[in-house]
Every structure is written in C-alpha cells, then in structure tokens.
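**Student:** So the chains spell out like this:
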Amino acid sequence: MAAAKPGAMQNANALKRQQSREQWSLLSLALPALLVIVLVILIPVGWLFYLSFLGGEGQFSLEHYQKMLKYKSYARTFITTFQVSILTTGICILIGYPLAYFLAQLPNRIAGFFMLTVLLPFWTSLLVRTYAWLVLLQRKGILNDFAIQIGLWDSPIKLVHNMTGTLIGMAHIMLPFLVLPLYNAMKKIDRDLMQAASNLGATPSRAFWQIYFPLSMPGMVAGSLIVFVLCLGFYVTPAVLGGGRVIMVATQITAILENQFDWGAASALGVVLLIATVLVLVVASRVFKLDAALFGKGS
Amino acid sequence: MSLNTRFTRSKLAHAIIGAGVGILVAGTAVADPVTVVSWGGSYGAAQDAALFTDASKNSGIEIIRESGASMSKTCLQVESNSVTWDLVVTGSGGAANAAAKGCLEKIDYGVVDVSDFYPNLYTDYCVGSDVFATVMAWNTEKYGEPGSDGAPQSWADFFDVEKFPGTRAYRANNVDGALEPALMADGVPAEEVYQVLSTREGMERAINKIRELKPHIAVFWGSGAQQAQLMKDAEVDMTTGWNGRFDNAKKDGATVGYTLKQALLDYDCFAMPKGAPNKDVAMKFLAEVSKAEYQANLPFHITYGPTNKKAYEITTAPKELIESLPSHPSNVPMMLPVQLAWYAEHREEALELYMELMSE
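Order-wise, the sequence lines are chains A and B. Residues in the first sequence are numbered consecutively from 7, following my numbering. Residues in the second sequence are numbered consecutively from 6, following my numbering.
The hints are simulated quantities; they were obtained by calculation from the structure and are not laboratory data. Any given hint could turn out to be false.
Unchecked claim - Each computed SDA-like pair below joins lysine to any residue, with the alpha-carbon atoms no more than 25 Å apart:
id, chain 1, residue 1, chain 2, residue 2
1, B, K106, A, Q266
2, A, K73, B, R205
3, A, K146, B, E167
4, B, K78, B, Y130
5, A, K73, B, E209
6, B, K237, A, L140
7, A, K73, B, W347
8, A, K76, B, K214
9, B, K284, B, D59
10, A, K78, B, S203
11, B, K256, B, G149
12, A, K164, B, E365
13, B, K237, A, W159
14, A, K78, A, L285
15, B, K168, A, D160
16, B, K111, B, E84
17, A, K146, B, G171
18, A, K164, B, P220
19, B, K237, A, I154
20, A, K164, B, K219
21, B, K147, A, D160
22, B, K296, B, K324
23, B, K106, A, V277
24, B, K256, A, I148
25, B, K214, A, A81
26, A, K146, B, K255
27, A, K76, B, E206
28, B, K106, A, Q72
Unchecked claim - Label pairs and their in silico Cβ distance ranges:
id, chain 1, residue 1, chain 2, residue 2, range
29, B, E150, A, I47, 56 to 62 Å
30, B, D154, A, E63, 57 to 63 Å
31, B, P220, A, E69, 31 to 37 Å
32, B, P334, A, K78, 44 to 50 Å
33, A, Q65, B, A105, 17 to 23 Å
34, A, I43, B, A50, 40 to 46 Å
35, A, S67, B, P124, 39 to 45 Å
36, B, T204, A, K78, 17 to 23 Å
37, A, V284, B, G45, 33 to 39 Å
Said to hold, decoys possible - Covered stretches of chain A (in silico footprint by chain B; criterion: 3 or more residues with CB under 8 Å from a CB of chain B, positions within the stretch not fixed):
id, region
38, 79-88
39, 248-256
40, 260-266
Computed from a predicted model, the values in this text were never measured in an experiment. Every residue gets a Cβ at the ideal spot worked out from N, C-alpha and C, and that includes glycine.
Chain A on its own, in the form it takes in the complex (with noise of 0.2 Å):
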C-alpha cells in the first residue's frame, strides 16, 4: 500500500496532466470558431449598443429610447412583428405538421422526392420568390383573374400588400425551417411504440396524442423557434407583398436610416428587437425545456 501510493500519485497526476492538455487542445480546435463569434457577432452586437446610447453630440444620452416612448409608431411596429411572427409560425405548423408526418410515413426513396419539393424553392432567390407571390396574388395577378374566369368570385380580391398577402409569402419561406427538424425528430420515433399502443388497446388516434405528438414536440419546438425569430427580423418579404402596411421593425429601421442618417435610433430600435427576442428564447426555454429540443437530450 505504502508503496504503490507514490505510483498512483504520479498516475493521478499523469491522468490530470493528460486531461488539461486535452482540454487545452479541443480549446484550441474550437477557438476559430470563438474567434469568429466574438469578432462577427460580439464586437458588432457591442458597438450597437454603444451607438444606441449616443446622442447627437457624442455623449451619453438616452433620447433614442425616449423617442420610442414619445411616437406611437415604435409600439405598434414592435406589436406588428410580433403578431407577423406568431401568426406566420402557427400557419408553418398547421401545414408543416402533417406535411412532415406524412413525409416520415413514407419509405425512404419516395420521401426524398417529395423533400425535394420542400427544398426546392428554399433554394430559390427569396426575392424571386416575394415578387413571384406579388405577381400572383395582386388585383390583376393570376390568381385573381383565374378565379373570376371560372367564377369563383366577382370583382378582385384583395390578397396582397396586406397582411394577407405577406403571412402567405412569410410562411411559405419559413416551411422547410419548421418541416426540416420536425421531419428528422419524426423519423427517430420507434414505430414499434405504436404498434405496441395498439396492441394494448389504444385507438389510433389516442396512439397518436399520447406517444407520437410528445416525442414529436421536440422538432416541433425547435422548428418553430427558428421560424418564430427568423421572423422578427423579417424584410423584404413584408416590405414587397405588406405594400407599406405591414411595417415591421427592419422596416422602420430601414425608414430611419434612409430619412435622417441616423445611426443612434436605428441602433436603439436593433437593441429592444434583440432584447424582445433573447426574452423570448429565454421563456420558451423555461417552457419547452429547450435543451432537450435543441440539442437531443434527455430532459
């Protein structure tokens, strides 16, 4: 005993040395990757804190987050975003849901196929697609015209530059980001779960909510968040197929900086969307336990 402890010393400080070098040398193959987070993503993300805090003169001043408070205009697009983004993920899952159930049903080969149809147009310019939507839904647009001819109604309806017109454009790009993990999660269900449900008395349907929806839920929650945030920074597709009345908050960030230059309240409008949105991640993690969504893990 006494003998063998200096060797086990010497062992335990071998394992410790063999362990920190370990260490060091995954820190070493991760620290591209943390140099670019830090210089792509820290660095900007700081200094536009810094300039939303500068006011005209160059001092500290907090004018940019008071004009947000004085004009109603601020408050309503921030609501405008987020009903934009609520609405737009709600129509992703009621269509991306059983789009990807059905999809997972599907042996592996013919799956493929009909997933080249959800990758396809995501692999499309997301401008072509916007002003594609424009030119079939406006008063003129083909849609209309199709459905007077055959007589589904009288006089043109109104399905672009409105709401309408930008929750169709916002969700069919935002699909495949829904489709894709549920897709994935749906195919890593055990069938035999459900087999043995049946077995055991269970009706298809009750199968369904009580085994496949739950082991489902964490595509689907990952899937949604990703579409739910994409959102909130959303563009071109509201500013094309909104026609000025669907005005998000990059819409207005974009109205500042073309109309006064103003790096400061662009900068201050930026910071409250990225507080909005880490809030949110924040509480849809407490909810939905996002580790395990995210990342695969037991919870």
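Once you've looked at the hints, dock chain B against the given chain A.
**Tutor:** Frame of chain A, contents of chain B only:
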C-alpha cells in the same frame, strides 16, 4: 540541382520583368476610373443614354457605373472611412441633409461651370442634374385622359373618393412630398403650404387629411420603379409619383396620365462624398456631364427638365416634348417649388408623425 537553380533564376527574371512592366504601365496609365452611382429603373438608364456614356467618351474619363445611390450609404462610407463612390445621384433634400451631417465634399465651381444654370438648382454641395415633379397620375381608362372632361384636375380630386371612386397609392416610410398635396387638397393655397406646415397643427392637419384617405390607399410605394409597376399592372387607380416614371410606363404600354397642376417642383443633383477616392477627376467628369449638350439629350429618355438653361436652346427635342417638361417656363407657375429649408427644420418631426399614421 542545376536544373532547379536555372528554374529559380528564370522565375526570378520573369518576376523582375513583370515588375518592371507593371511600373511602366502604372506610370503611363490614366487615373483610376470614376465611380458614378445612380438609381435603378428607367432613371439610371436614361442618364446612361443621355449623359454618362457620351460624357465619358468625349472627356476620356473612364467611369464605373453602379446602382443603388443613397445618401445614407454615402454617409456610412464617409463615417467608416471607406469611401468607394465618387459621384452620387441624390434628391435635393437628401443632399441638403447629407451636407448638414458633413458627408459631402464642396463642389469646386472653378471646375464646374454653372454660369448657365438656373440659380436655385445648385448649392455648395450639389449640382442639379434634372428637374422633376411629384405629380398625381391615374389610370386613363378609368378616369379619362389628362385635360379631358371629368379627368382629375387637382389634389382635391385625388383625395375625393366620391367623385373619383377607386384605389390610391401614396408614399411609404418617407415624408418627402407627402404632406404638401394633402394640405392643398384641404384648401390651402400653394404659396401658403410651407407656412402652414411650419407648425405642429399644420402638419397634423395634413396627416389627418391623409388619414381620411387611408382606407382607400391600397399600396404605399417605396420607389420610382414601383410607381411605374403599380400603374402598368393597374394595381391601383391613382397614385402620387415622379412624372418621368409615368411617361416611361406609358411608353411601355401602361394607360397612365398625369397633370403638372399643383405638382411639387423639385430637382435631382450630383453630390460627391467627402474623401472621394478620385476627387479631382470626378470633379472634371461632373463638369463634363453638367454641360448643356448632354442635358439637351435627357428629355429623349426621361421627361425631366434640364438644369442648364442653355440646354433648352440647343436641344433638338420636339416642341411638344419640351413644353411638357417640369422646368419649362410655361409649367413652373402652376407648380409648388419644394422648400428645402422646411425639410431641414421639420423633416424629422414630420417623418415621426407620418410613420405614426402609416403604422396605424
């Protein structure tokens, strides 16, 4: 080994020759090309056809043409010490705003000759390139040809949806030229518009007039190209916008007409970012494009008037076309010249009020 040395030597020799040639070329080369930035759509195309291509050929100054001109981007380049633009097209108001923020280079009027210019179409920081009008335009199938019986006559008609039922378009997210029409429609004489707008009550009066119309405003437009598109697609029945865009839309087959009555008279100009990389050559190019001989060609491509009086004398454009230009002496009296001083003082507040209206 010897092969290797020889190879290295010949490589070295090549490098030396290459460097020598490089220095020679650099020594004899003309200056860097001047970067000229304008807008998209028919406007930039018209400037290329009338001004830039010929001016570049005749002066021997090479240019690089870019689109997407904007004074906020100009200021961003200046403030971040990364100026790549030499000449930038801008509205008069944008230039005044950018100059006040210290983003623009002073124009050297020793180089640029403005002796034949209209006196109010150039400032210390920008040289007028064309005169345009913010007008109301409408679908002629719906409301009739301009000047015909029953066609819209004034801003009051634009805001009157009982007399002229249908949809409208109006400016989005920008207050330039948005409040003046509303006040004229509300009965304020043109010459008193800016005086009334100089108080908060006056601005709110204009905003309220637009608020009344808002249920009928189907689209808020964001660019000149969009104005033209809205009329081509018959997406709306009547819109505000820039006269030249509608003439070009008409050439493309749109059934659109407009009136210069009560229109807002304004001008575009060339400005130079502070610290422009090729300042001296760019100034020479600016002098070249400002000559009457190029401006005289502009009306053939877009119906904007010259800022150089002499262009009216030498142009070969037909009389009819000349008389339709916004800066033609017979048209000016029926229009309201845009007052930059009002914008300098009130734009920020007016924009906030306008954004409130838009976000409702």
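**Student:** Now tell me, hint by hint, if it's right for this structure.
**Tutor:** Each hint, compared with the structure:
1. Taking the CA atoms of B:K106 and A:Q266, the gap is near 10 Å; set against the 25 Å cutoff, the hint holds.
2. For the proposed pair A:K73 and B:R205, the alpha carbon gap of about 17 Å is at most 25 Å, so the pair holds.
3. Taking the CA atoms of A:K146 and B:E167, the gap is about 23 Å. The hint holds against a cut of 25 Å.
4. The straight-line distance between the Cα atoms of B:K78 and B:Y130 is roughly 17 Å, inside the 25 Å bound, and the hint therefore holds.
5. Distance hint between A:K73 and B:E209 is fulfilled; the C-alpha atoms sit about 18 Å from each other, no more than 25 Å.
6. For the suggested pair B:K237 and A:L140, the alpha carbons sit about 14 Å apart, so the restraint of at most 25 Å is met.
7. Annotation: proposed proximity of A:K73 to B:W347 holds, straight-line Cα distance about 22 Å (limit 25 Å).
8. Taking the CA atoms of A:K76 and B:K214, the gap is near 22 Å; set against the 25 Å cutoff, the hint holds.
9. A C-alpha spacing of about 20 Å is found between B:K284 and B:D59, which places the hinted pair at or below 25 Å, so the restraint holds.
10. Taken as a hint, the A:K78 and B:S203 pair is honoured in the structure, with Cα atoms around 22 Å apart against an allowance of 25 Å.
11. With a C-alpha separation of about 18 Å, the suggested pairing of B:K256 with B:G149 holds against the 25 Å cut-off.
12. About 19 Å separates the Cα atoms of A:K164 and B:E365, which keeps this hinted pair within 25 Å; it holds.
13. Between B:K237 and A:W159 the CA atoms are separated by roughly 23 Å; this keeps the pair inside 25 Å, and the hint holds.
14. Restraint check: the Cα-Cα separation between A:K78 and A:L285 comes to about 22 Å, which is no more than 25 Å; the hinted pair holds.
15. Distance restraint check for B:K168 and A:D160: the Cα-Cα separation of roughly 24 Å lies within the 25 Å cut-off, and the hinted pair is therefore satisfied.
16. Taken as a hint, the B:K111 and B:E84 pair is honoured in the structure, with Cα atoms around 17 Å apart against an allowance of 25 Å.
17. Note on A:K146 and B:G171: the hinted pairing holds, with a Cα-Cα distance of about 14 Å set against a maximum of 25 Å.
18. Distance check on the hinted pair: A:K164 and B:P220 sit about 13 Å apart at the alpha-carbon level, within 25 Å; holds.
19. Among the hinted pairs, B:K237 with A:I154 is consistent with the structure: their alpha-carbon atoms are about 20 Å apart, no more than 25 Å.
20. In summary, the hint linking A:K164 to B:K219 is supported, as the alpha carbons are separated by about 15 Å, within the 25 Å threshold.
21. Restraint check: the Cα-Cα separation between B:K147 and A:D160 comes to about 18 Å, which is no more than 25 Å; the hinted pair holds.
22. Using a Cα cut-off of 25 Å, the hinted pair B:K296 and B:K324 holds, with the two alpha carbons roughly 21 Å apart.
23. Of the pairs offered as hints, the one joining B:K106 and A:V277 holds, with about 24 Å between alpha carbons and a cut-off of 25 Å not exceeded.
24. Annotation: proposed proximity of B:K256 to A:I148 holds, straight-line Cα distance about 24 Å (limit 25 Å).
25. Only pairs whose Cα atoms come within 25 Å are accepted, and B:K214 paired with A:A81 is accepted, the gap being roughly 23 Å.
26. Restraint check for A:K146 and B:K255: satisfied, since their Cα atoms lie roughly 18 Å apart, inside the 25 Å limit.
27. As the CA atoms of A:K76 and B:E206 are separated by approximately 17 Å, the hinted pair is consistent with the 25 Å bound.
28. For the hint linking B:K106 to A:Q72, the alpha-carbon distance of about 22 Å falls within 25 Å, and the restraint holds.
29. Against the hinted window of 56 to 62 Å, the Cβ-Cβ separation of B:E150 and A:I47 comes to about 58 Å, which satisfies the hint.
30. Checked against the hint of 57 to 63 Å, the C-beta distance between B:D154 and A:E63 comes to roughly 59 Å, which is consistent with it.
31. B:P220 and A:E69 have their C-beta atoms about 35 Å apart, which keeps the hinted 31 to 37 Å range intact.
32. At roughly 45 Å, the beta carbons of B:P334 and A:K78 sit within the given window of 44 to 50 Å.
33. One distance hint, 17 to 23 Å for the beta-carbon pair A:Q65 and B:A105, holds here, with the actual separation near 19 Å.
34. Between A:I43 and B:A50 the CB atoms are about 44 Å apart, so this pair conforms to the stated range of 40 to 46 Å.
35. Between A:S67 and B:P124, the C-beta spacing of about 40 Å keeps the proposed range 39 to 45 Å intact.
36. Evaluation of the 17 to 23 Å hint for B:T204 and A:K78 yields a pass: the beta carbon distance comes to about 20 Å.
37. Our hint of 33 to 39 Å for A:V284 and B:G45 holds, since their Cβ atoms are close to 37 Å apart.
38. Residues of the region 79-88 of chain A with a Cβ under 8 Å from some Cβ of chain B number 4, which satisfies the need for three, so the listed coverage holds.
39. Counting residues of the region 248-256 of chain A whose CB lies closer than 8 Å to any CB of chain B gives 4, so the stated coverage by that chain holds, three being the minimum.
40. Coverage of the region 260-266 of chain A by chain B holds [criterion: at least 3 residues with CB-CB distance below 8 Å; count 6].
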